[in-house]
Structure formats: C-alpha cells, structure tokens
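Protein chains in written order, with our numbering: chain A, 1 to 127; chain B, 128 to 254; chain C, 255 to 381; chain D, 382 to 508; chain E, 509 to 635; chain F, 636 to 762; chain G, 763 to 889; chain H, 890 to 1016; chain I, 1017 to 1143; chain J, 1144 to 1270.
No wet-lab data here; the hints were simulated from the structure. Possibly wrong hints are sitting among the right ones.
[Said to hold, decoys possible] Derived CB-CB ranges, DEER-like:
{"#": "1", "chain 1": "J", "residue 1": "Gly1261", "chain 2": "I", "residue 2": "Phe1020", "range": "35 to 41 Å"}
{"#": "2", "chain 1": "E", "residue 1": "Leu573", "chain 2": "B", "residue 2": "Pro248", "range": "51 to 57 Å"}
{"#": "3", "chain 1": "D", "residue 1": "Gly416", "chain 2": "H", "residue 2": "Glu897", "range": "49 to 55 Å"}
{"#": "4", "chain 1": "E", "residue 1": "Gly543", "chain 2": "F", "residue 2": "Lys696", "range": "44 to 50 Å"}
{"#": "5", "chain 1": "B", "residue 1": "Thr161", "chain 2": "F", "residue 2": "Pro756", "range": "39 to 45 Å"}
{"#": "6", "chain 1": "F", "residue 1": "Glu643", "chain 2": "D", "residue 2": "Ser432", "range": "53 to 59 Å"}
[What the hints assert, rightly or not] Computed cross-link-like contacts, SDA-like style, restricted to lysine to any residue with a CA-CA straight-line distance of at most 20 Å:
{"#": "7", "chain 1": "E", "residue 1": "Lys569", "chain 2": "I", "residue 2": "Lys1049"}
{"#": "8", "chain 1": "A", "residue 1": "Lys61", "chain 2": "A", "residue 2": "Leu6"}
{"#": "9", "chain 1": "F", "residue 1": "Lys699", "chain 2": "A", "residue 2": "Ile109"}
Ideal Cβ placement from N, Cα and C applies to all residues, glycine included.
One-letter residues, chain by chain:
10 protein chains.
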Amino acid sequence: MPDFSLLECFPAPSDTPFVIEHIAEEFTSVCPKTGHPDFGVVTLLYEPAPSSEGGVCVELKSFKLYLQSFRNEGIFYEAVTNRIRDDLAKAMKPRWLLIKTDWKGRGGIRSIIRATQGTVPAHWLHA
Amino acid sequence: MPDFSLLECFPAPSDTPFVIEHIAEEFTSVCPKTGHPDFGVVTLLYEPAPSSEGGVCVELKSFKLYLQSFRNEGIFYEAVTNRIRDDLAKAMKPRWLLIKTDWKGRGGIRSIIRATQGTVPAHWLHA
Amino acid sequence: MPDFSLLECFPAPSDTPFVIEHIAEEFTSVCPKTGHPDFGVVTLLYEPAPSSEGGVCVELKSFKLYLQSFRNEGIFYEAVTNRIRDDLAKAMKPRWLLIKTDWKGRGGIRSIIRATQGTVPAHWLHA
Amino acid sequence: MPDFSLLECFPAPSDTPFVIEHIAEEFTSVCPKTGHPDFGVVTLLYEPAPSSEGGVCVELKSFKLYLQSFRNEGIFYEAVTNRIRDDLAKAMKPRWLLIKTDWKGRGGIRSIIRATQGTVPAHWLHA
Amino acid sequence: MPDFSLLECFPAPSDTPFVIEHIAEEFTSVCPKTGHPDFGVVTLLYEPAPSSEGGVCVELKSFKLYLQSFRNEGIFYEAVTNRIRDDLAKAMKPRWLLIKTDWKGRGGIRSIIRATQGTVPAHWLHA
Amino acid sequence: MPDFSLLECFPAPSDTPFVIEHIAEEFTSVCPKTGHPDFGVVTLLYEPAPSSEGGVCVELKSFKLYLQSFRNEGIFYEAVTNRIRDDLAKAMKPRWLLIKTDWKGRGGIRSIIRATQGTVPAHWLHA
Amino acid sequence: MPDFSLLECFPAPSDTPFVIEHIAEEFTSVCPKTGHPDFGVVTLLYEPAPSSEGGVCVELKSFKLYLQSFRNEGIFYEAVTNRIRDDLAKAMKPRWLLIKTDWKGRGGIRSIIRATQGTVPAHWLHA
Amino acid sequence: MPDFSLLECFPAPSDTPFVIEHIAEEFTSVCPKTGHPDFGVVTLLYEPAPSSEGGVCVELKSFKLYLQSFRNEGIFYEAVTNRIRDDLAKAMKPRWLLIKTDWKGRGGIRSIIRATQGTVPAHWLHA
Amino acid sequence: MPDFSLLECFPAPSDTPFVIEHIAEEFTSVCPKTGHPDFGVVTLLYEPAPSSEGGVCVELKSFKLYLQSFRNEGIFYEAVTNRIRDDLAKAMKPRWLLIKTDWKGRGGIRSIIRATQGTVPAHWLHA
Amino acid sequence: MPDFSLLECFPAPSDTPFVIEHIAEEFTSVCPKTGHPDFGVVTLLYEPAPSSEGGVCVELKSFKLYLQSFRNEGIFYEAVTNRIRDDLAKAMKPRWLLIKTDWKGRGGIRSIIRATQGTVPAHWLHA
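So that you can see chain A by itself, here it is in the shape it has in the complex (with noise of 0.2 Å):
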C-alpha cells in the first residue's frame, strides 16, 4: 500500500530557480470497485524551495519505489492524485507542485487529473 516513508529527499543543489519534471509512465494501481488493474502516467513538476531556505528534491529511486507501493492497492483516480501531491508536498515543502496523472482508457473514456499545491506559475498549469 502507498508508503510515505519511502520518499528520501536530498538538499536542493541551487539557489538560482529551477524546474523538475518527472514522467514516470508505468503507474499501475487497481480500482476499488471492480478490481480490476489500472495503468497511468504520472508526472511530478515543481519548483525546489531555494537551497539556502534547506530546500530539497525527491530522490529518484525512492520515487520510483513509492509509485510501486500503489500496485495493489484498490483507489480511485482523483485519491491517487491527491495523495500523491500531498505526499510530496509534505516531503518536500517546494515553492510549488503540480502533479498530473493520465489513465488508460476504460469503456471509451480516459481521464486526465490535474492537482496543484503552492502558487504554479500559469505557463505549466497546462503542462
């Protein structure tokens, strides 16, 4: 089940602004209602707090790890999105966050979920 405690961060290397996009595009978690697997890209963007307020950046593999914890846990779209943002926020306290996560079709529809934390600058709310 998603595991918080996964999530390792290190010091953000910089004070200068920059901007970090993780695309991890093999998410897989299974619907409560039907039990059936569901397949989604989830993708990570956000802005470090600067590194001399002891900002940090999620480390990669733990990343990746955590994503795995949500294999076989029965959640819908909108939970997974928001859990994922308010676990990264909570873990990284950035300047701001943006997660999106794009499903598989089901019965002729996919779905797109947008969820934010901080102030996002306008151009990457489309992202």
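Position chains B, C, D, E, F, G, H, I and J against the provided structure of chain A, taking the given hints into account.
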C-alpha cells in the same frame, strides 16, 4: 434520448484546487437533417467546487451512460455541446467548466465546438 | 438490424485485374453481453470478378447504409466479421475478398479479426 | 466564382459564450498568374453574437457550397483569405472571427495567412 | 475533361532495370452523382521498357497537366483509376504499371483502388 | 500466479478460415531478479481450428483475467512468452498460434520475444 | 550571392490586420568555415503595414529567388538570419516581422535562430 | 571531465534582439551512483547581450566539445543542468539563458530539468 | 559537376554477408529545364563483394563529397539516379546495389526513382 | 574496450522455435578518424538453438555491459557490426542471428549496417 437523470456525483475529495479532464472518444449521435450518424470526441474539463462548499464530481460510469443516451438522438453539433454543458453545470455546479466536441469530418469539413460555464482560466480555453 | 437487402452492386468496369479497398472508420454495433456500444474500423478488400464474367462491385453508399444497419444490433466481433464477409461474398461473388475489423480497446485489449473468401493473394493477407 | 449568396445562417442557440471552429480540408482555387490549381485548408473560428442580440451561426452545408464556389476562380492567397473573412463577417456579424488559410507548398514554400475581424482573444490568435 | 493528348514521353535513359514512382497529392475530380468535388492522391508506379526496345517515360509536367484535365470531370473512383491506367499504358507501353488512387473519406468511408497492367512483381502490389 | 483454469473457450463460429489478433497493451509481471515490475504488450495471433473439427476461440474477458493473473508473478520475459504460448495452445488447439511480447525498455534496451505453435504462415511471422 | 534587388512587393490588400507566414523548407547556403553546405527551413512571419499607409507584402516568387541567391554564399547561421530580417524589413517596412531559421543537425547539434523587427506580439514569439 | 575552458565566444552580430537555440541530441554522462551511462538532450536557449554592450555568442563547435567533456564524468541530472547553466552564463553574460536537459527513461521514469539565468520571458519558460 | 574521382573505397571487412545502407538526406541538384534547385534524399543500399574476392566499400566522407559535386549540376531525376548507380557500381563492383532517390514535391507531385545493379534480393527491392 | 568475456548465457527455455529481439537504443563508441563520439541503435535478432541441443540465450544485463564496453573504443561502423555479430555468434551458437546497427546522421548522411550469421529466414532480413 439524452437523459440527465443518469448523471451521478460524488463529493469532491479535496479543498485544494484540482482540475479534471474526461475525454470520451466514442461519442455518437444522429444528424437530425440527414438521419446519418455523427461521431465525435467529447471532452469535459472542469474544476469542482471545493469540498467544504459542497463541491461534487461527476461519477465516471454515470457520465459514460449519460453520453450513450445520445446514441439515437437526432441533434445538431451546437445543441449537443450546449446540452452537455448545461446538464453538467446543473449536476455539479463547478467553479468552471469547458465542453469541447470534436467531430469527424463531413463533406471535407470537420468542426470543433467549445462551450463554457463560469470563468474558465485563459490557459484552458484553447485546450 | 443487419440488412443484406441494402447492398447494391454495379457492373465491374473492366476485365483487367484491379483491387478495391473501402475503409469504414465509423462502424458501431452493440456488445450482446454488456449492452455497451462497440466501435471499430471495417475494411473491405476485394478483387471483383471480370466484367466479362458478370463481375460486380458493391456501390459505396449502399455499403455505408448496410454497415449502419448494425448500429443497434447486439453481436460479437467474430460474428460481425463473418456476417459481413458472407453478405458481401454473396452479393458480389468476387474473385476473392478480405474483411478486417479493427476494434477499439476494451479493458486494455484491442482485437483485429480477418476473414477471407476465395484465394486471397499472400501479399494482401497481412493488410 | 465566389458566391456570397450561398451563405445561410441560423440563430445562435445560446447566450452563453461558445466558440465554433470549422476546418475545411479540401479547399481549391486557381492561381491567377500561372493558371495552376492551388490547394489549402481553410479554418473558420468565431464566437457568434449572443442569441438575445440576434446572433447567428453559418450553416455548415451552405459554408461548404460557398467554399466550393472558389473552385475555378483565379485568386491570390491573400485575396481568398480577406474575401472569406469579409463575407463571413458580413453574413454573421459575430463577436469576433478568425480566418486561417494554410496552403500546400509551391516551389518549396508553403504559406499560412490569418485575417481577423473584431477583437480576437489572444489565446486564439496563434490557433 | 481528361485529355490523353496532354501526355508527353521521353526515351527511357537506360537498359538497366529501374522503377519510377510519381505521387500526385492534389488530384481532384467531381462526383457524377452528387456534383461535389472528390479529392485524392494518385500514384503511378512503373518500370519502363528498356531504351533499346524503344522504351519511354512520361514527362512529369505533362503528367501533371493530364491529371489537372480531370478537374471538372464527373467521374467515379473506379473509372478514374482505370482511365489513367489505360492512358498511361497506351502512352508508354511499359514493362508493367500500377495505378493507385487513394481518396479522402466520404461519409466516414475512404477508398483505395489499385489497377495494374502487365505483370507487376509481387513486392510492388501492396505498395 | 498464472492460472490456466481462467481460460474459457467458445466454439469457432465458422469453417471458413479466419485469423484473430488480440493485443493486450497493459500486461505487467515482476522481474524475479530485481523484484521490480515489468510492463509489456502481449499479442495473441491465431487461426482457430475449423468449427466442424471442434475448433474453439478463447473468450476475451477470460483471456484478460488470465493475463492479469501474472500481475504479481516473478517471471522472466522468455518464460512469460513460452508459458502463454503453451497455455493458449493447450486451451484452443488452434491451426497455428503466435505469441509476441513487446517489453518496455530497461537500462536502454527493449526486447521483443515471439514464440509459435504449429505452422505459422510466413506473412504473419514478422507481425 | 544574397541579392536584395530580387525582392518585389505588392500593395497590402487590406487595412484590416492580418498576418502572413511563409515557410521555405528548402533553404541552403554554405558554411564559411568548412565549405560544406548547410540546409535549413526559413520562416518569415509578419504583419504588413495597412494599405492606407502604403503597406506592402513581399511577392512569393521573388522571395523564393531571393532565398535561392544564398545557395553558394559562405555565411553563418546568425548572419543569414539577421541578413534576411534586415532585407525584408527594408523592403516591406511591416508593422513587425519575425525570421526563424531552423537548421539541420551538424555533429549532433541542431540550431534555431529567431530575429525580430518591430514589436512582435508575445503569442508569436515562440512560433 | 567538464572543461569550461573549451567554450569559445564570438561577438554578437547585432543590436537588434534575437534568440538562439542549440539542441544537442547526443549528450551522455555517467551516473555517479550506478556507474551506468546516462543519455539525454541538452537545449541551450538564450538572448545574447547587444553587440554594442560587448555581447557575445558561444561558438557552436566549442559548445559541442564542451558537452563532450562530460562523457566520462560521474554527475547527477540536476548537477549537469546547473553546471552547464553556470558555465554558459559565465562565458556569455547573456540577457537571459535557459538550459533544459531531457533524459532517457531509467526504470520507467524520464526526467526533464530546466534551469535559468536572468529574466527569461514567460513564453520561453515552457519551451 | 558530378565527379567520379571523388569516390574512395576501402577493403570489405569480412567474407560473411552483410548489407550497407547510407541515407543522404541533403542532396541537391538543379533542374536543367527551369534552373530551380531540386532537393531529395539519396539512399545507397548494397552488399559488398566478399573481402577474399577483393570486395570494397565506399568510404563515407568521399561519398558525401561525391554527392555534393552535383550541387550546381543541371540534371534530371532519372539521370541523377542512373549516374549514381553507374558510378558506385563501377567504383565498388558490389554483389548487388540499389539506388533510391526520393524527391521533394514539385507542383504537387513527388517522385521516387529506384535503379539497381546485379541481382537485388526481392525483400530489398521495395526498401 | 570491447570485452567478449562480459557476455553470459543461460539455457534456452524451450525446444519450440522462438525468436528474440533486443533493441539497445543507447549505443555509443568513438570514431577512430575524428575522435568524435558516434551514437546508434544496436538490434540483436536471433533464434536460439533448441534447448535439447544445448542452445543458450544471452543474458540481458550482460549484453548491456558488453555493449557499454565499446564506449571509449575507436572503431568504425562496419567493424562494430561485424565484431558484435562474431562475438554473439561465438557466445550463443544460435540457429541464426542478425545484427543491425542504425547510426545517427553525420554530415547529413545516416547509415544502417546489417550483418548475419547462419540462414536468416527471408522475412527477417529487412527487419
């Protein structure tokens, strides 16, 4: 025929802003003029009202059944678009909502209709 | 329901061999098990009998109306494919004929069915 | 030759703002200089005036016939674009309107012309 | 109307076998039934007879003018294809020749017609 | 774990030859070496035995459930492919059968495995 | 060598604002350092001055000949871009103008240069 | 190892604003953790200072050699990005500069890092 | 002008059969009729004679310089193709050789010419 | 430098014929002439000998390490291809084997080399 009562909603899972996009790639209705079937892609994009204000989200399967209720309805492109916009706005009372219908070509011309409710942020209007 | 009588033919215009391919991208029928609509692309590929032997071609608009007659029919993928193959073979008595149905995914699996009549040359079988 | 009288309109179905885009992929006219045919894609994008103010939409088939009336007309790219803009603006008196013509290459150069009427919102100008 | 006399040929430049393919992406004629324009791509693929046997190739600009002579002709898909095949075969007497016409969709169905003259090697038939 | 008993079959609908292709785009199992999940596309391509000889087809939903039974199984690419080939061959006794597994990249290398049963016609082997 | 005198203009056809884009996909010049040819795509995007103020547009064929005059010129990417910008600005005195040159890769690096004249609206700058 | 001294500059050719983009598609360095090579695309986007203020541009071949100097360096994604940003900023003192590194997937996750110097106009930030 | 003497060869590295394909995407020559430049992609595909029989391969840079020697030559598509075939066949005496030239469109028609020397295996002819 | 000893094999899992394809998208070596890095995609396609005859398959991670051992080797395209073919043939003694190397362009020319061992079935040769 289009059946508003098929739409079911569930409470928005969060007060933090998020945006939901459902892309229904297998929409079909009937042209009232020629009697031939029309085919298109219907996109619903919206920001639910916050959960603390009683915000709700449309349930995905009920949205699918609602769209299927247009299958044998004779109805023009513009009317489909406005009807779905009005029905979803009434069902969810979201912060804002955008309906885009993207129709397969007829006679060498293909059409895209966008209708909105509430104040859609500019970066979403061209979605 | 599928209506063979809708198919109309016209005399093949030539004795020289030629091959005709019609790709109908907006086919829809209904799954007899779930009642949900199915969507697919139906390809008809055939070589008409020579005009000097009474060869005929199916008229395009009548083919469209024939395909539309499956719209509200509950019928499986394999049955659709065999039915169209049999009806077209009966209507045209072509040299050979290939029907390919290519269905939108359901539950993460998409299907392609190919059925033939007569001796289809090897280079067309994988079309 | 281009025939304004072919354009027919119907009352805008709503007072709520919506935007209509028609993409005509099979436009052809004749180059007045060389006599050779030109081919292009004509896009009409507009917001009708509200129905309560007598707003109207162009009827799709009449728009197709109107575009077909350029088939044997000797006329330059810029003139086609301005002519369609002026005719549609006169016929519909929309809130705003954008005509984009996207021409197949000639001599290794392809051209795109955009002409507007009224105040087109910035997010549409690059459509 | 289609004008055979527009076709001009020049001597094949070599006795060594070679194959020529011309892809005319801007073909248009008129549907004799509806009066609406048809649009398609016409491909000519052939092996000229050897120059030592008087083999010839069709001159490219004359081929273009020949194709343009169908612009206002009311003629069906199959007839266009057979007509071009017959005219080119007569003009060039090539080793073999394949004409493929690939038409824009009408009513959700698009068509591809292939007609041959002589013994087209199997690896070209599905071109 | 992989469960052969999930596979259900139904009688082949016809004696006329036809070919069935199911493309399962959401297959996942677990690498027995690293414990990390693997993701791939599994294609089943086969010609059922004729109905008059007791030929059968695998039922689509049972095939989906069968593939889902590999979800938490630690198993190598080659073993997955051979296992599915053997299970399907045993369940259907088809004329011939091809299993192709196409795996997402690992460490910059992606792999495709093809296993067959019976005499697969040459034009399908490279499918 | 680049020949400004090849550029010819014609009066802008309208006072209503419109934007013209010419995309020349077959530009070639010579690298002054290596003597090897460079290949790129040159895009000209501009808004002509209004016709009532003497606004003009560059004639398409003259623009083609002008670009061809760089064929055997040894000239760097940046210099090509600035030269074309300056020549076109001088010839047309447009409201604003953007030149983009997009070069084929050399040694694994490809380059895009954009130069402007006048106040190019923000939504065009990233064209 | 990364070698700043490889970077050479030449005077900016103009005072008129222009923007230069170099896309290096064959960047490789080494992961300091696993010792395995990393592969990515490095994009440099900048506006040089005006030539009248001593503005300079980086010479393309020297930029290539500089990037090649990372080939056997063990260095993380974020450090590569910041290092290149800092080195180029120091070498050119441009108006503004954006470095984007787009990395091939590792374990199903691919990453994109963007770092800036100076005030990058908003329409470029999402480049 | 085309300069055969630019072609240099090196001994084939092996007796085991192998096939070499060079795709030159930036070929340009001049149309002898109009004086306008032509652009195309030249593909050379061949199997060298075995090294034990004195087989040789064309050196890549010398092939590039050879192709550049057509830059200002007025020469037709068919002649370019036959000329390159003859020159390469003379220089390398390979087992077999295929030259394919794929030209950018002119007046809406694009052309592909293939010329061979020796017995090209069937599966390569349609390359 | 290329290190044959890195290759490890495991027993082929079956006597039934199957075909394995590994596509290594991140190959790099060094040009011995210029000292610049080369980048390409290496495809290994083979049919292992049957397990009852002691057939083996190359282990995927060892294949990756083997390919990485070319990273700083100065070696030509043809030599890379023959070397990998020889090493893999020696390590696995497969029924047949095909190595394809597909190189990023240099100076506008990109190259594809294919080398084989044993009797590769015709339908794979053009893979």
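Quick rundown of the hints versus the structure:
| no. | hint | in the structure |
| --- | --- | --- |
| 1 | Gly1261(J) / Phe1020(I): 35 to 41 Å | 38 Å, holds |
| 2 | Leu573(E) / Pro248(B): 51 to 57 Å | 54 Å, holds |
| 3 | Gly416(D) / Glu897(H): 49 to 55 Å | 54 Å, holds |
| 4 | Gly543(E) / Lys696(F): 44 to 50 Å | 49 Å, holds |
| 5 | Thr161(B) / Pro756(F): 39 to 45 Å | 43 Å, holds |
| 6 | Glu643(F) / Ser432(D): 53 to 59 Å | 56 Å, holds |
| 7 | Lys569(E) / Lys1049(I) | 11 Å, holds |
| 8 | Lys61(A) / Leu6(A) | 10 Å, holds |
| 9 | Lys699(F) / Ile109(A) | 19 Å, holds |
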